[in-house]
Amino acid sequence: ETGVTQSPTHLIKTRGQQVTLRCSSQSGHNTVSWYQQALGQGPQFIFQYYREEENGRGNFPPRFSGLQFPNYSSELNVNALELDDSALYLCASSIPQGGGTGELFFGEGSRLTVL
Amino acid sequence: KQEVTQIPAALSVPEGENLVLNCSFTDSAIYNLQWFRQDPGKGLTSLLLIQSSQREQTSGRLNASLDKSSGRSTLYIAASQPGDSATYLCAVNPFGYSTLTFGKGTMLLVSP
Chain A
143 ETGVTQSPTH LIKTRGQQVT LRCSSQSGHN TVSWYQQALG QGPQFIFQYY
193 REEENGRGNF PPRFSGLQFP NYSSELNVNA LELDDSALYL CASSIPQGGG
243 TGELFFGEGS RLTVL
Chain B
41 KQEVTQIPAA LSVPEGENLV LNCSFTDSAI YNLQWFRQDP GKGLTSLLLI
91 QSSQREQTSG RLNASLDKSS GRSTLYIAAS QPGDSATYLC AVNPFGYSTL
141 TFGKGTMLLV SP
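If you're matching them up, the sequences are chains A and B in order.
The numbering of the first sequence is our numbering, which starts it at 143 and goes up by one.
The numbering of the second sequence is our numbering, which starts it at 41 and goes up by one.
So here's chain A without its partners, still in its complex pose (with noise of 0.2 Å):
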């Protein structure tokens, strides 16, 4: 049984730019969810795919943007890069419960960088 895997882990993008992140989530996982970490601070949601559709999303703006997979991996695309986007984005891979979310597996990670 394959973890929740991310690529790429480490780039650097200038101001404006526009970047992909992808994962892969463990295997049975059909919901992906993406959180962005800054230095020293807990993850924050960013938003979640369940079977293809967004199901749900932080307070995050639309230039943050996502897709899955009809094999359950998703990207997470960011448009017109700013200096406060830099910090590590993390993929969790889950199975949704009735009342709630069961066991989040997260990947490594990746590190993001804008100058």
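Derived by calculation from the structure, the hints in this document are not laboratory data.
Accuracy of the hints is not assured; some may be wrong.
Here are the computed distance ranges between Cβ atoms for each label pair [unchecked claim]:
#1 A:T147 / B:N103: 41 to 49 Å
#2 A:S169 / B:K82: 15 to 23 Å
#3 A:R193 / B:P152: 42 to 50 Å
#4 B:S93 / A:N172: 18 to 26 Å
#5 B:S99 / A:R205: 39 to 47 Å
#6 B:R112 / A:T162: 38 to 46 Å
#7 B:P48 / A:N172: 36 to 44 Å
#8 B:A118 / A:R205: 43 to 51 Å
#9 A:R205 / B:T98: 24 to 32 Å
#10 B:R112 / A:E245: 17 to 25 Å
#11 B:S52 / A:R205: 37 to 45 Å
#12 A:R157 / B:E55: 26 to 34 Å
#13 A:P204 / B:A118: 42 to 50 Å
Straight-line C-alpha distance at most 30 Å; calculated DSSO-like pairs for lysine-lysine [what the hints assert, rightly or not]:
#14 B:K144 / B:K108
#15 A:K155 / B:K82
#16 B:K144 / A:K155
Even for Gly, the Cβ is constructed at its ideal location relative to N, Cα and C.
Given the structure of chain A, go ahead and fit chain B onto it with the hints provided.
What follows is chain B alone, placed relative to chain A:
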């Protein structure tokens, strides 16, 4: 709006000590609570998950308790080791949602 607070922000102990990390949350309507470990620059490793109907969960030297009515959880680490040095994050899953709300974490340093 759910808010999660972790105290202390940092903790330094000698090897072998038992220690307690605290987590409090403002809204008791939660589905579960999860404790994670994060090594510097790395992802999150799930340690323990407590369902809202449970009082505690144990895994090896770790024991997590939950008092939903008072909005508190504790993570107890027995006989700490230098390898336990990491940041420990508490996260609550609000009832009816599939997201997690995180605290800022407690940075633990265990010295030999």
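The hints, checked one at a time:
1. A hinted range of 41 to 49 Å is violated for the C-beta pair T147 (chain A) and N103 (chain B), which are about 31 Å apart.
2. Under the hint 15 to 23 Å, the C-beta atoms of S169 (chain A) and K82 (chain B), about 21 Å apart, fit the expected range.
3. At roughly 49 Å, the beta carbons of R193 (chain A) and P152 (chain B) sit within the given window of 42 to 50 Å.
4. At about 25 Å, the beta-carbon gap between S93 (chain B) and N172 (chain A) stays in the expected band of 18 to 26 Å.
5. At about 40 Å, the beta-carbon gap between S99 (chain B) and R205 (chain A) stays in the expected band of 39 to 47 Å.
6. At about 40 Å, the beta-carbon gap between R112 (chain B) and T162 (chain A) stays in the expected band of 38 to 46 Å.
7. Distance hint check for P48 (chain B) and N172 (chain A): the Cβ-Cβ separation is about 38 Å, which falls inside the suggested range of 36 to 44 Å.
8. Between A118 (chain B) and R205 (chain A) the beta carbon distance is about 46 Å. The supplied range of 43 to 51 Å therefore holds.
9. For R205 (chain A) paired with T98 (chain B), a C-beta distance near 44 Å fails the hint of 24 to 32 Å.
10. Taking the beta carbon of each, R112 (chain B) and E245 (chain A) are about 21 Å apart, inside 17 to 25 Å as hinted.
11. A C-beta distance of roughly 41 Å is found between S52 (chain B) and R205 (chain A), which places it inside the suggested range of 37 to 45 Å.
12. Between R157 (chain A) and E55 (chain B), the C-beta spacing of about 46 Å breaks the proposed range 26 to 34 Å.
13. About 47 Å separates the C-beta atoms of P204 (chain A) and A118 (chain B), a value consistent with the hinted range of 42 to 50 Å.
14. Proposed proximity of K144 (chain B) and K108 (chain B) is supported: the alpha carbons are some 20 Å apart, at most 30 Å.
15. Simply put, K155 (chain A) and K82 (chain B) have alpha-carbon atoms about 20 Å apart, close enough for the 30 Å limit, and the pair holds.
16. Pair hint K144 (chain B) plus K155 (chain A) holds up; C-alpha atoms about 26 Å apart against a cutoff of 30 Å.
Violated hints, in rising order: 1, 9, 12; the structure is consistent with all others.
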